[in-house]
Amino acid sequence: IHKRLIDLISLPASDAQAAAIGALYNLAEVNMDCRLKIASERWAIDRLLKVIKAPHPVPEVCRKAAMILESLVSEPQNRILLLAYENAFAEILFTDNRYSDTFARILYELTSRPGNKVATARGIWGM
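In terms of my numbering, the sequence shown opens at residue 1 and continues consecutively.
The reader is advised that the hints may include incorrect statements.
Distance condition first, Cα-Cα at most 20 Å in a straight line; then the derived EDC-like pairs of lysine to aspartate or glutamate [said to hold, decoys possible]:
#	residue 1	residue 2
1	K53	D33
2	K53	E75
3	K37	E75
4	K53	D7
5	K37	D7
6	K53	D96
7	K50	E60
8	K37	E91
9	K3	D46
10	K53	E86
11	K50	D33
12	K3	D15
Derived Cβ-Cβ restraints for the label pairs, each shown as a range [claimed, not checked]:
#	residue 1	residue 2	range
13	S112	L11	23 to 29 Å
14	D96	G22	17 to 23 Å
15	S14	S112	34 to 40 Å
16	I80	D15	32 to 38 Å
17	P76	A19	14 to 20 Å
18	A19	Y108	27 to 33 Å
19	N31	P55	27 to 33 Å
Treat the hints as calculated values from the structure; they're not laboratory data. Values in this document were obtained by computation on a predicted structure and should not be read as measured data. Beta carbons are placed, not taken as given, at the ideal position from N, Cα and C, and that holds for glycine.
All chains, full assembly: derive it from the sequences and hints.
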């Protein structure tokens with residue numbers, strides 16, 4: 001189901017995007033397994049970022065997309081995957097005041113955990 005919902009995000013119909021984001025938001029809040037599956041789906045992070053950057057006509061959809069990303073970064077296993085998007089997160093942090101708090105928390109989670117020095121090097125240097 002995760003893959004289908006992520007595919008729906010790429011559709012041009014804003015109501016389909018809104019429904020998919022809402023369902024993914026609920027799944028990401030449920031448990032760790034859902035967060036791991038969503039983060040590991042190909043294109044998931046890219047499509048969530050695209051909804052935020054576009055932006056979607058309904059601000060609540062963009063907020064939920066940002067909250068999904070925040071939920072995903074709360075899992076240590078997802079941090080390596082999400083470090084590849086560190087620059088995109090920083091760009092949104094500095095250019096979009098509506099979601100700056102959320103992306104500040106995301107970046108903090110990515111870089112502040114003890115034992116995360118190797119992960120930080122991978123994100124910065126592409127190791």
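Here is how each hint holds up against the structure:
About 27 Å separates the Cα atoms of K53 and D33, which puts this hinted pair outside 20 Å; it is violated. Among the hinted pairs, K53 with E75 is inconsistent with the structure: their alpha-carbon atoms are about 24 Å apart, more than 20 Å. With a C-alpha separation of about 11 Å, the suggested pair K37 and E75 falls inside the 20 Å cut-off, and the hint holds. This hinted pair checks out: K53 and D7 have alpha carbons roughly 18 Å apart, not beyond 20 Å.
For the given pair, K37 sits about 14 Å from D7 by alpha-carbon distance, which is consistent with the 20 Å threshold. A hinted pair counts as satisfied when its Cα atoms are at most 20 Å apart, and K53 with D96 qualifies at roughly 9 Å. With a C-alpha separation of about 15 Å, the suggested pairing of K50 with E60 holds against the 20 Å cut-off. Distance hint between K37 and E91 is unfulfilled; the C-alpha atoms sit about 25 Å from each other, more than 20 Å.
For the given pair, K3 sits about 13 Å from D46 by alpha-carbon distance, which is consistent with the 20 Å threshold. Among the hinted pairs, K53 with E86 is consistent with the structure: their alpha-carbon atoms are about 15 Å apart, no more than 20 Å. Pair hint K50 plus D33 does not hold up; C-alpha atoms about 24 Å apart against a cutoff of 20 Å. Under the criterion of a C-alpha separation no larger than 20 Å, the hint pairing K3 with D15 is consistent with the structure, at around 18 Å.
Taken as a hint, the range 23 to 29 Å is violated for the pair S112 and L11, whose Cβ atoms sit roughly 36 Å apart. Between D96 and G22 the Cβ separation comes to about 21 Å, which falls inside the hinted range of 17 to 23 Å. The supplied range of 34 to 40 Å is met by S14 and S112, whose beta-carbon atoms lie about 35 Å from each other. Distance hint check: the CB atoms of I80 and D15 are about 34 Å apart, consistent with the given range 32 to 38 Å.
Separated by about 30 Å at the C-beta atoms, P76 and A19 break the suggested range of 14 to 20 Å. In this structure, A19 and Y108 meet the distance hint of 27 to 33 Å, their C-beta atoms being roughly 30 Å apart. In this structure the supplied range 27 to 33 Å holds for N31 paired with P55, their Cβ-Cβ distance being about 29 Å.
This entry does not satisfy hints 1, 2, 8, 11, 13 and 17, going by the numbered hints stated previously.
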